[in-house]
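Those sequence lines, one after another, are chains P and H.
Residues 1 to 116 in my numbering are what the first sequence lists, from first letter to last.
Residues 1001 to 1110 in my numbering are what the second sequence lists, from first letter to last.
Please keep in mind that the hints were generated in silico from the structure rather than gathered at the bench.
There could be a bad hint or two in this list.
Rough simulated footprint, nothing fancy, chain P against chain H, three-plus residues with beta-carbon under 8 Å [as the list claims (entries may be wrong)]:
{"#": "1", "region": "1040 to 1052"}
{"#": "2", "region": "1085 to 1096"}
Derived DEER-like restraints, expressed as beta-carbon distance ranges [to be verified]:
{"#": "3", "chain 1": "H", "residue 1": "I1015", "chain 2": "P", "residue 2": "I60", "range": "43 to 53 Å"}
{"#": "4", "chain 1": "P", "residue 1": "A81", "chain 2": "H", "residue 2": "A1082", "range": "42 to 52 Å"}
{"#": "5", "chain 1": "P", "residue 1": "Q57", "chain 2": "H", "residue 2": "K1014", "range": "44 to 54 Å"}
{"#": "6", "chain 1": "H", "residue 1": "G1051", "chain 2": "P", "residue 2": "L116", "range": "16 to 26 Å"}
{"#": "7", "chain 1": "P", "residue 1": "T20", "chain 2": "H", "residue 2": "F1010", "range": "34 to 44 Å"}
{"#": "8", "chain 1": "P", "residue 1": "V14", "chain 2": "H", "residue 2": "D1038", "range": "27 to 37 Å"}
{"#": "9", "chain 1": "H", "residue 1": "E1098", "chain 2": "P", "residue 2": "T30", "range": "16 to 26 Å"}
Since the structure is predicted, the reported quantities are computational estimates derived from the model, not experimental observations.
Glycine is no exception: its CB is placed at the ideal position from the N, C-alpha and C atoms.
Listed below, chain by chain, are the residues.
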Amino acid sequence: AQKVTQAQTEISVVEKEDVTLDCVYETRDTTYYLFWYKQPPSGELVFLIRRNSFDEQNEISGRYSWNFQKSTSSFNFTITASQVVDSAVYFCALSEETGTASKLTFGTGTRLQVTL
Amino acid sequence: NAGVTQTPKFRILKIGQSMTLQCTQDMNHNYMYWYRQDPGMGLKLIYYSVGAGITDKGEVPNGYNVSRSTTEDFPLRLELAAPSQTSVYFCASKRGYEQYFGPGTRLTVT
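Bound conformation, chain P alone:
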């Protein structure tokens, strides 16, 4: 069975600090996808990134960066120079690609609070 663990329940930082959100996953599949979603206070889910299991290159998008390490089964997310608008719950998710439908397994989320 697949599992995603986000051990950090809540993180509070002051604006402009860097913050890393941890994600550890378990799967027996050799082909899988990892995702990060943002859920702002308004409640919708905002897609941030998808990474496949064969691509371990780190990715940077503006102030966001992701570090995928298969050796430690981790897919961590760093926000550089955090802003108040980054306050949200962030979910890491794993997609099982066997069979006819990909099904997402979500972690329990990390609530990020950025204050002035």
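For this one, chain P is given, so just place chain H on it according to the hints.
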């Protein structure tokens, strides 16, 4: 494109009542999903569908039913509402490897 739409946005049910949560997508996606999100938790898969006429159970299907008569619509039915079904329900459709989520329906059963 409206994307994935869900109705209603909010609903309060009494124990034992039934209701249908509506989900519609206008992107012609074959794959559709229903998730629930309990307070402080991640999303859990209730049911999914790989195309019209084909549905299957997810991780937490008990107490729910689905049907998929068209590509666009994937309604979720609660037959006998219980307090344990108080949650936020998200519908999603998929293209490629990305799932597109609706805005959610907040359901309270008292």
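If I claimed the Cβ atoms of H:E1098 and P:T30 lie 16 to 26 Å apart, would that claim hold in this structure? 21 Å, holds
With 43 to 53 Å as the target window, see if H:I1015 and P:I60 comply at their CB atoms. 50 Å, holds
8 Å C-beta test of the region 1040 to 1052 of chain H against chain P, three or more residues: holds (count 8)
Okay, P:V14 versus H:D1038 on CB: inside 27 to 37 Å? 31 Å, holds
Taking beta carbons only, do three or more residues of the region 1085 to 1096 of chain H come closer than 8 Å to chain P? That given contact holds, which follows from 3 residues of the region 1085 to 1096 of chain H lying within Cβ reach (below 8 Å) of chain P.
Is 44 to 54 Å respected by the C-beta to C-beta distance linking P:Q57 and H:K1014? For H:K1014 against P:Q57, whose Cβ atoms are near 53 Å apart, the range 44 to 54 Å holds.
Has the hinted range 34 to 44 Å been met by the Cβ atoms of P:T20 and H:F1010? Since the Cβ atoms of P:T20 and H:F1010 sit about 35 Å apart, the hinted range of 34 to 44 Å holds.
Starting from the hint 16 to 26 Å, judge whether the C-beta atoms of H:G1051 and P:L116 obey it. This hint is violated: roughly 49 Å between Cβ atoms.
Cβ distance range 42 to 52 Å for P:A81 and H:A1082, holds or violated: Distance hint for P:A81, H:A1082 holds at roughly 46 Å.
Hint 6 from the list above is the single one not met by this structure.
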